[in-house]
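Line by line, the protein sequences give chains A and B. Here our numbering is used: position 67 in the first sequence is 67, and no number is missing along the way. Here our numbering is used: position 105 in the second sequence is 105, and no number is missing along the way.
Do not take every clue at face value.
Cross-link-like lysine to aspartate or glutamate pairs, in silico, EDC-like; alpha carbons within 16 Å at most [as the list claims (entries may be wrong)]:
hint	chain 1	residue 1	chain 2	residue 2
1	B	K275	B	D157
2	B	K207	B	D157
3	B	K341	A	D171
4	B	K77	A	D35
5	B	K275	B	D109
6	B	K160	B	D208
Example chain B residues on the side facing chain A (calculated, C-beta under 10 Å, incomplete) [what the hints assert, rightly or not]:
hint	residue
7	R206
8	T209
9	A212
Output of the computed footprint for chain A on chain B, the stretches with three or more beta carbons under 8 Å from beta carbons of chain A [claimed, not checked]:
hint	segment
10	217-227
11	321-335
What the hints contain is simulated information worked out from the structure, not anything from laboratory work. From a predicted model like this one, the values you see are computed outputs, not experimental measurements. Quick reminder that beta carbons are idealized off the backbone N, C-alpha and C, glycines included.
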Amino acid sequence: MLAAEPDWRCRRGCCCRRPHCCWCSSSILWRSLTDPSVGFDNYTALLHDGVSVTVLIRTLRTSLIVAVGTLVLAYPYAYAMTMVSARTRNLLTALVLLPFWTSLMARNFAWYMLLQRGGPIDRFFAAIGVDGVVLLGTVAGVTVAMVQVMLPYMVLPLYSGMQGIDRRLLDAATSMGAPRWRAFIQVYLPLSIPGVVSGFSLVFMMTLGFYITPALLGSPQQSLISQLIATHVNTLLDFGGAGALGVVLLAVTLLVLFAATRVARPTAALSQAVDRG
Amino acid sequence: MHRNKITFTLALALSAVLLAACGSSGGSASDKSGPLTFVSYGGAFQDNQTAAWQAPYTAATGTAIRNGGPSDAPKLKTMVEAGKVSWDVVDLGSSFAVQNCGKYVEKLDMSQIDASKFPPGTVTDCGVPAYFFGLTFLYNTKKYGNNPPTKIADFFDTAKFPGTRMLPPEIDTGPLEDALLADGVPADKLYPLDVDRALKKLGTIRKDTTFAATNSQMQQAMVDDQADMVLTVTARAASALKAGATFEPVWDKTILSSDSLVIPKGTPHADAAMKFIAFTAKPEQSAKFTELANVLPSNSDAKPNLDEAQNALNPNLPDRKAGIVLSNVTWWAQNLDAVAKQYTAWMAG
Numbered sequence: 001m002l003a004a005e006p007d008w009r010c011r012r013g014c015c016c017r018r019p020h021c022c023w024c025s026s027s028i029l030w031r032s033l034t035d036p037s038v039g040f041d042n043y044t045a046l047l048h049d050g051v052s053v054t055v056l057i058r059t060l061r062t063s064l065i066v067a068v069g070t071l072v073l074a075y076p077y078a079y080a081m082t083m084v085s086a087r088t089r090n091l092l093t094a095l096v097l098l099p100f101w102t103s104l105m106a107r108n109f110a111w112y113m114l115l116q117r118g119g120p121i122d123r124f125f126a127a128i129g130v131d132g133v134v135l136l137g138t139v140a141g142v143t144v145a146m147v148q149v150m151l152p153y154m155v156l157p158l159y160s161g162m163q164g165i166d167r168r169l170l171d172a173a174t175s176m177g178a179p180r181w182r183a184f185i186q187v188y189l190p191l192s193i194p195g196v197v198s199g200f201s202l203v204f205m206m207t208l209g210f211y212i213t214p215a216l217l218g219s220p221q222q223s224l225i226s227q228l229i230a231t232h233v234n235t236l237l238d239f240g241g242a243g244a245l246g247v248v249l250l251a252v253t254l255l256v257l258f259a260a261t262r263v264a265r266p267t268a269a270l271s272q273a274v275d276r277g
Numbered sequence: 001m002h003r004n005k006i007t008f009t010l011a012l013a014l015s016a017v018l019l020a021a022c023g024s025s026g027g028s029a030s031d032k033s034g035p036l037t038f039v040s041y042g043g044a045f046q047d048n049q050t051a052a053w054q055a056p057y058t059a060a061t062g063t064a065i066r067n068g069g070p071s072d073a074p075k076l077k078t079m080v081e082a083g084k085v086s087w088d089v090v091d092l093g094s095s096f097a098v099q100n101c102g103k104y105v106e107k108l109d110m111s112q113i114d115a116s117k118f119p120p121g122t123v124t125d126c127g128v129p130a131y132f133f134g135l136t137f138l139y140n141t142k143k144y145g146n147n148p149p150t151k152i153a154d155f156f157d158t159a160k161f162p163g164t165r166m167l168p169p170e171i172d173t174g175p176l177e178d179a180l181l182a183d184g185v186p187a188d189k190l191y192p193l194d195v196d197r198a199l200k201k202l203g204t205i206r207k208d209t210t211f212a213a214t215n216s217q218m219q220q221a222m223v224d225d226q227a228d229m230v231l232t233v234t235a236r237a238a239s240a241l242k243a244g245a246t247f248e249p250v251w252d253k254t255i256l257s258s259d260s261l262v263i264p265k266g267t268p269h270a271d272a273a274m275k276f277i278a279f280t281a282k283p284e285q286s287a288k289f290t291e292l293a294n295v296l297p298s299n300s301d302a303k304p305n306l307d308e309a310q311n312a313l314n315p316n317l318p319d320r321k322a323g324i325v326l327s328n329v330t331w332w333a334q335n336l337d338a339v340a341k342q343y344t345a346w347m348a349g
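If we strip away everything but chain B, and leave its shape as in the complex, we get:
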């Protein structure tokens, strides 16, 4: 009798705890005037976004902004499906915005944004590029100081340049494009991508390649001399160089992609989020973020002041501009799932 009472009470307490944990509410704000939740990749990167975008916005309009994260596409998808959206503005790849427009992401109010200031084809119904970043080819000067690689084909040439390679975790940042360019495909004939041909080219360096699981791992590998040649995004390369990595960029081909700030579908603060996104799209904000974070400005009117260290990784300089290849956001939006599946199968097989 006594034992049954204890068991019953314990069971009741346990169910209460588990019910609360399993059916979590997520703390979503129910009032429209609450603070905006801004979600990005975290760390110094998000701190820079806070300084460049959030602080001036809060000063100008009084709307408080809270930081959350890190950005997670499956989490956003789950939130929208469950109807419990607690994120208001999310920094994700632009192809996500195109792919899920109207389904997981709200349409933008284009009257608040001047679409003509952005590169053609990059502004879509649900996404405006917040910043651009380039996939840069870097080599370790400790290994190749005397005989540095000069073109993208050298990344795939393990005979002439033996050593370990490292590829970025996100397939849509440009490694497939680089493989095709190295294989001889002209830049204007890249899309639609011949994925089989790109994977075949990657297969030639496969046994020397580490497929970084995260960008932080790639950064750490650069600092620890674990990799000899890497393909990585500008901001991460800058952080690695600042942390002491002895790498130099090769200015042959740089694949330019963009991230967009999206509004998850069903968030109660959609209007406020839209105003914030319109604010970040202005040239001053674009320039300020570029200066802080070593990305590339999206607004063509932006005139960032970059010093020499920051310009070291800037592909927009006159002598390097010709090597820029713009990633096709629409193609990636339509094909990312299929390509990711094929790439995963190829990589794990």
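Isolated chain A, as found in the complex:
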């Protein structure tokens, strides 16, 4: 019988379904605890080397800014997608999906050209009187490029969340005397929270571990955690330390995921209640 069974296996953890993922993660964990000697040396070294904690905080802050930035840009776009005719919606969807059909490297190199000294952004700001806006090699530049890269991942969950919202509820609210803006804030916004949470957590978690954009557009001076892991592997040949950083990153990601499910649950219940009623 093809009824939807409660997915208790997935709640236990993904390992049961992904043997490869399990093996590689556990080998990294194993290495971080045994290389160069058995124990938590690698983890205590992370706390005391003066770099890892700074980099982790910087990464969390950047991911937060990127997630908020994409949310601010994607929300109106997704809202527009729910309002327009089917044909325009197809066009808007195609525009959002367009980045997926181009190479990530090509996009990052395009950003490289835009952000460098003497590039279009620098020249634009020089023309309006602000000199020296060279975003290449700064966290700001990485943030801007990451927002562009992550935008589709925010738009699509938002859209799928908003699509399920019954617009007649807004009409009902206005018919009972609420001004349009109040109807939007008190009716539409809470109902769109599940989509917001899923998009936000997706973008946040992806940005935490993203490597290519920070590696290409950032600098070692303002590195994010993915660059630090790469430095540990490539320059310092410190596989144990890199493994420890990887495990810390995984732990933070799982924490965020857990928090997201906690936040989404009450609002998901709200949506279900609305559907039933």
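Following the hints, complete the assembly by docking chain B onto the known chain A.
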């Protein structure tokens, strides 16, 4: 029932694919007479090594040589640890050969190489310098054409020479030595390096400095006028100049380092690899590679024919030779890890 069958088949197929991917064999050759795998930094540089070393060797002995790469110290380390070595000859910094001698790198058969032809202290049990390269100080003529810098201290003088600096990605190519020389340390008293003092000197130009993540990035930055003063290696400087970068070298101090061709421990073609390395150490091969790639010859008997463009970046000319400072391979072999860690922490902090 039907659904379970599909799930089972999919799971089986997926595990087979993942098992094959995760436990990859790497295609290591099991027979001793197979082609040698030569690994270097790729691009035009490796093409030059093919022309200067591999082609004559294959013509003389008939041994085929295959190119791989790029050179990656952690990859070599992982290969040796896993026991699946697929590289036979690898071009890496000489300090790597000294540091990992016997552990990740095979000892060389010195009977095949004349060690007296190489600068003293550069030939060790596991490595013979394949070529030298200098860390050269270059400035952008577009910015400093009228008032060019003349000594290494000018690189660290942002008051008199404002502008952006760029440092190379590899710490052992010489930026710390340059910082100490600029700070007044005499060349013969450089080693052991006072890393704290060097980092303090680098700290004075830190906010104007871009730490290039790769040499290609530095090259591109030179061509795109993203940097005003750079410290870069000879071959990369030559490529950048050829691509149109408007830079001129400053002949005050040039730090000379070398790369060695090493044999990863456990490769099945160790003997053939040794013969190839002995061949590349000969003066004719050394000279030929120098002519093609704009490096410096390691064998003192080598007499390369360099034209004017190539000589533009050659620190071996009589009027520039005095500024050469030889990097201490043994010191770097012992201290590279600690220095790299300190440098990374300093840079990221």
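Starting from the hint list further up, note which numbers the structure goes against and sort them upward.
Per hint list: 1, 3 and 11 violated.
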